[in-house]
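Protein chains: 2
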Amino acid sequence: MMPAVFAGNSEHADLLLALFIMLVAAKLMAEIFERINQPAVVGEILAGIIIGPGVLGWVQPSYIIKVFAEIGVILLLFNVGLEIRPISIVRVGKRAMLVGVLGIVLPFVAGYGVSRLWGGGEIEAMFIGAALVATSVGITARVLGSLGLLNRSTSRVILGAAVIDDILGLMILSVVSSVSHGSINYVAIIGTALTAVFFVIVVGAVGSRFFKKIAPAINRLKISKPFFKFGLILCLGLSFVALYIEVAAIIGAFLAGMALSEATENNPQMRGLTNGVMEFMVPFFLVNIGMQLDVKLFGDLSVVTYALAITVVAIAAKIIGCGLGAYRMGFKKAIQVGVGMVPRGEVGIVVAQIGIGLAVINQKAFAAVLFMAVATTLVAPPFIKMLGPKPKKAKEDIHISDVVTRIG
Amino acid sequence: MMPAVFAGNSEHADLLLALFIMLVAAKLMAEIFERINQPAVVGEILAGIIIGPGVLGWVQPSYIIKVFAEIGVILLLFNVGLEIRPISIVRVGKRAMLVGVLGIVLPFVAGYGVSRLWGGGEIEAMFIGAALVATSVGITARVLGSLGLLNRSTSRVILGAAVIDDILGLMILSVVSSVSHGSINYVAIIGTALTAVFFVIVVGAVGSRFFKKIAPAINRLKISKPFFKFGLILCLGLSFVALYIEVAAIIGAFLAGMALSEATENNPQMRGLTNGVMEFMVPFFLVNIGMQLDVKLFGDLSVVTYALAITVVAIAAKIIGCGLGAYRMGFKKAIQVGVGMVPRGEVGIVVAQIGIGLAVINQKAFAAVLFMAVATTLVAPPFIKMLGPKPKKAKEDIHISDVVTRIG
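Residue numbers (the numbering used here), protein chains in the order written: chain A, 1 to 408; chain B, 1 to 408.
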């Protein structure tokens, strides 16, 4: 008897099972966390730790799961962008810039310091610093979105700062990687940074007006759901462009969404469809983060203390750095911004993976950074929720996602 | 300068570009085909031929694209299932059975005959026959769905027959594959067939009542959009089970949708969200079919004549076989059912790939079957559209997909 040859899918069976397990575990944990009044995001990441290689080993991380995770976070940031008008980011521009810069400098210095204190070499310490730098805005965006808080001023500062943070973080990692190779190509690094800034400004500033203008033409297309399809194409296209000019794909996706936000604000059907795709893919992103953490690594007490030290420093440095940048908003809001920037998620993991690839950090440091990345991601959401104002469902805060949530 | 390491996505850039090109090409061709009043499906498959290795070579078939295609067709059949009540299939059960059986026997015999006439050996001829057997219901379902015709009696006969066709086709391929190995394990084959039948009956008969009963409990869950998420989980789960018991994954997805059809008929939000996921993924399924066809293979005239002969026979045998099975519905409806069963799509391609893997068919026969698979898929939709009654948008024919189509 041949194995399911007729269906031609025998190699897909394992994948379907993995996706099924990930989705069930994510939603089960999300349900539990909602019931104990904690953010579902945390539950879904914990689901990843539990079903991943560290505990039950039911699902192994794989290239294809990574792709699903990546498409998931791209669609998430696209959806977040759709709810943000570019002008609202421009209004907080200077503050976001300050938050972004200070939120980079302090964690880098602090990470460098801790690593040196624990006996790390010069280059290892620079890598640990770099790993502490970049906020993973996906997690924060997910929490803010599910609380209906995306249009608050703190949310806009966080999102703006995350874009700046990403560009600066890229520069730091480039420098650090170059140092570990023994040479630094400043021209190339500055060139990339300028391209990135140019990309963000062009899409952010011109995009919105342009798409608002051509929206009627898009809606006249004969294909079904034309605007939804146009949006998906723009999202994938700008994600690719962002990667191509060496920024994170999610920045492109976020800008694509933001550029369409005005053109689609009276198009709840488009928002509903986009929401459906996102909701399908995002759990793979969250579960995949959790799956990276192998809890067995922490049988070694020295790893545990190192991991805890790095994590505490990572949290404190981000809150203080970003909080300082936002201090003019008042103490409470400044702390909210700082907490919102805490999650490092998959970005910290990637930096650690590069460090191990270049053989400049060892397995213990890798495990510690991994722990930091997941822990900061788990710790922040409850605080974001706690610190956030009770979501009043005022008219301007109700978006299609909320509507669908309550009815569907 | 490191390539996009910071984003950790360098290996994803190529994939994002590929998905972007596939989506743009699909929607561009869909738009053109809608404008010349032809089914968008045909345009999207042609888009695949054009951007694929055969013509422009912009996108190469890959494992990951195949996975996207597979998830796409799974979600498509899940959506189709959502619009079909199980009772409506039971009502056409006997007729669907007859259509399914005759639609298997005639194409197999005809394919075997043509291959023998063209000088093929015994086993090669059996493989050609097997490749002509299985209808790819995805294409037909897509066309019927976009015309809003899923609730017509002809549509229900087609969908019911396609399930039966799939189970019988599986048996034939198992037998043929076993013969090429020199032995046949009848016990295993019959065991698989019985399991498949049991699965279909249990899910179809009991599922609907069960899910209608537990629907209120699902809706009381605390997670957002609980029914949508439950539906996705059931869809992936039953797709896996179907593969596991050696039926096509799409049968599981279709049954999952059908089992939820009654529970969700007053839940347009759920339908809208499901529709969003489907619309994102289905183009990859269609474009991927086109990408399999390398037009360069047809520089050889003997391949062309062989391919045309197989294609003509494949079309005629399905229409006559299925038409005979449905003759009691009247001539016009019988022809509609026959035409609806014509597309072989990815199923024919898979059989050919197995044949080449077992070295029982040669490159020419492979090219001819590939041509047949794509040609039958391209030829059928315009006829389905032409033969179908003008879609009156009567109340019972309006589903969320149509509503969203027109507004979104």
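Hints listed in this document are in silico derivations from the structure and should not be mistaken for laboratory results.
Do not rely on the hints blindly, as some may be mistaken.
Identical copies go unnamed one by one, so any copy, or any two together, can satisfy a pair.
[Claimed, not checked] Here are the simulated lysine-lysine pairs, DSBU-like style, with alpha carbons at most 35 Å apart: (1) K212 <-> K364; (2) K222 <-> K332; (3) K332 <-> K94; (4) K222 <-> K94; (5) K212 <-> K296.
Hint check results:
Taking the closest pair of Cα atoms, K212 and K364 never come within 35 Å of each other, the shortest separation being 51 Å inside a single copy and 52 Å across copies. In the homo-oligomer, the alpha carbons of K222 and K332 lie at most 35 Å apart only across protomers (29 Å), although the nearest pairing inside one protomer, at 50 Å, exceeds that limit. In this assembly of identical chains, the alpha carbons of K332 and K94 lie at most 35 Å apart only when taken from the same copy (19 Å versus 70 Å across copies). For a Cα distance limit of 35 Å, the shortest separation of K222 from K94 qualifies neither inside one copy, at 43 Å, nor across copies, at 39 Å.
Taking CA atoms no more than 35 Å apart as the test, K212 paired with K296 passes in neither setting, with 52 Å inside one copy and 43 Å between copies.
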